[in-house]
Amino acid sequence: DAKTTQPNSMESNEEEPVHLPCNHSTISGTDYIHWYRQLPSQGPEYVIHGLTSNVNNRMASLAIAEDRKSSTLILHRATLRDAAVYYCILVLWSGGGADGLTFGKGTHLIIQP
Amino acid sequence: NAGVTQTPKFRVLKTGQSMTLLCAQDMNHEYMYWYRQDPGMGLRLIHYSVGEGTTAKGEVPDGYNVSRLKKQNFLLGLESAAPSQTSVYFCASRRPPRTDTQYFGPGTRLTVL
Numbered sequence: 012d013a014k015t016t017q018p019n020s021m022e023s024n025e026e027e028p029v030h031l032p033c034n035h036s037t038i039s040g041t042d043y044i045h046w047y048r049q050l051p052s053q054g055p056e057y058v059i060h061g062l063t064s065n066v067n068n069r070m071a072s073l074a075i076a077e078d079r080k081s082s083t084l085i086l087h088r089a090t091l092r093d094a095a096v097y098y099c100i101l102v103l104w105s106g107g108g109a110d111g112l113t114f115g116k117g118t119h120l121i122i123q124p
Numbered sequence: 170n171a172g173v174t175q176t177p178k179f180r181v182l183k184t185g186q187s188m189t190l191l192c193a194q195d196m197n198h199e200y201m202y203w204y205r206q207d208p209g210m211g212l213r214l215i216h217y218s219v220g221e222g223t224t225a226k227g228e229v230p231d232g233y234n235v236s237r238l239k240k241q242n243f244l245l246g247l248e249s250a251a252p253s254q255t256s257v258y259f260c261a262s263r264r265p266p267r268t269d270t271q272y273f274g275p276g277t278r279l280t281v282l
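Protein sequences appear in the order of chains V and L. The numbering used here puts the first residue of the first sequence at 12, with every later residue one more than the last. The numbering used here puts the first residue of the second sequence at 170, with every later residue one more than the last.
Just so you know, the hints here were simulated from the structure itself, not pulled from any lab data. In this text, a Cβ means the ideal position worked out from N, Cα and C, and glycines have one as well. You may find that some hints are simply not true.
[As the list claims (entries may be wrong)] What the simulated footprint calls covered on chain L by chain V, stretch by stretch (three residues with Cβ under 8 Å from a Cβ of chain V suffice, anywhere in the stretch; the number is not a length):
#1 183-189
#2 204-215
[Stated by the list, open to error] Computed list of lysine-lysine pairs in DSBU-like fashion (alpha-carbon distance at most 30 Å, straight line):
#3 Lys226(L) with Lys116(V)
#4 Lys178(L) with Lys226(L)
#5 Lys178(L) with Lys116(V)
#6 Lys183(L) with Lys226(L)
#7 Lys226(L) with Lys240(L)
#8 Lys80(V) with Lys116(V)
#9 Lys14(V) with Lys226(L)
#10 Lys226(L) with Lys239(L)
#11 Lys178(L) with Lys240(L)
Construct the entire structure; sequences and hints are all you get.
Encoded structure:
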């Protein structure tokens with residue numbers, strides 16, 4: 012399985028943009044890039060996903076490098092509620108398949124007031 | 170919609186005791202999952218189910234059994250609890266295809282003394 016590499020932790024100030032990087036140099040052409048986050052004492056929640064093009068939703072933006080070997084999750088204006096562990100996960104698209112998600116250790120995002 | 174719910178939220182067991190964790194989802198999802206999360210780590214897949222009456226092993230299945238008698242429920246059993254099973258357990262569900270969002274429950278914190 013293709014692996015992802017993320018920094019262990021990052022720190023940012025409230026109301027500033029945050030860029031969370033993820034390296035996936037062995038990504039295959041049919042791997043989607045998913046981001047989940049886990050708030051303290053909660054289960055993970057979906058943030059965003061993409062294949063080749065940049066994606067935006069109400070929570071965040073996902074910027075994908077042209078060669079797809081890396082991606083960046085962008086929180087445009089971080090709040091204290093965004094403090095969480097962020098996981099970058101590759102999901103192989105193959106039509107069906109019931110595989111679970113493969114979680115790494117993720118990036119622990121600290122937001123300073 | 171309640172989404173994914175888990176019962177109980179907390180439990181303390183003595184070594185050798187047994188217990189069952191219940192997961193319920195009201196989204197009519199086909200696939201359901203049990204994960205465990207140890208301190209400072211990402212989630213690891215224990216077992217999963219692709220439908221009523223079917224189950225399959227994940228990454229760390231030893232010491233656990235599961236059953237899915239109804240589509241909306243997925244049970245995780247520990248027949249003889251061990252201290253190594255002290256962890257936070259998360260249930261999740263999703264629809265096909267593989268790239269669809271997984272929805273997670275709030276978790277069950279289990280301590281085995």
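Verification of the supplied hints:
| no. | hint | result |
| --- | --- | --- |
| 1 | 183-189 | violated (count 0) |
| 2 | 204-215 | holds (count 7) |
| 3 | Lys226(L) with Lys116(V) | 22 Å, holds |
| 4 | Lys178(L) with Lys226(L) | 24 Å, holds |
| 5 | Lys178(L) with Lys116(V) | 23 Å, holds |
| 6 | Lys183(L) with Lys226(L) | 25 Å, holds |
| 7 | Lys226(L) with Lys240(L) | 18 Å, holds |
| 8 | Lys80(V) with Lys116(V) | 19 Å, holds |
| 9 | Lys14(V) with Lys226(L) | 21 Å, holds |
| 10 | Lys226(L) with Lys239(L) | 19 Å, holds |
| 11 | Lys178(L) with Lys240(L) | 22 Å, holds |
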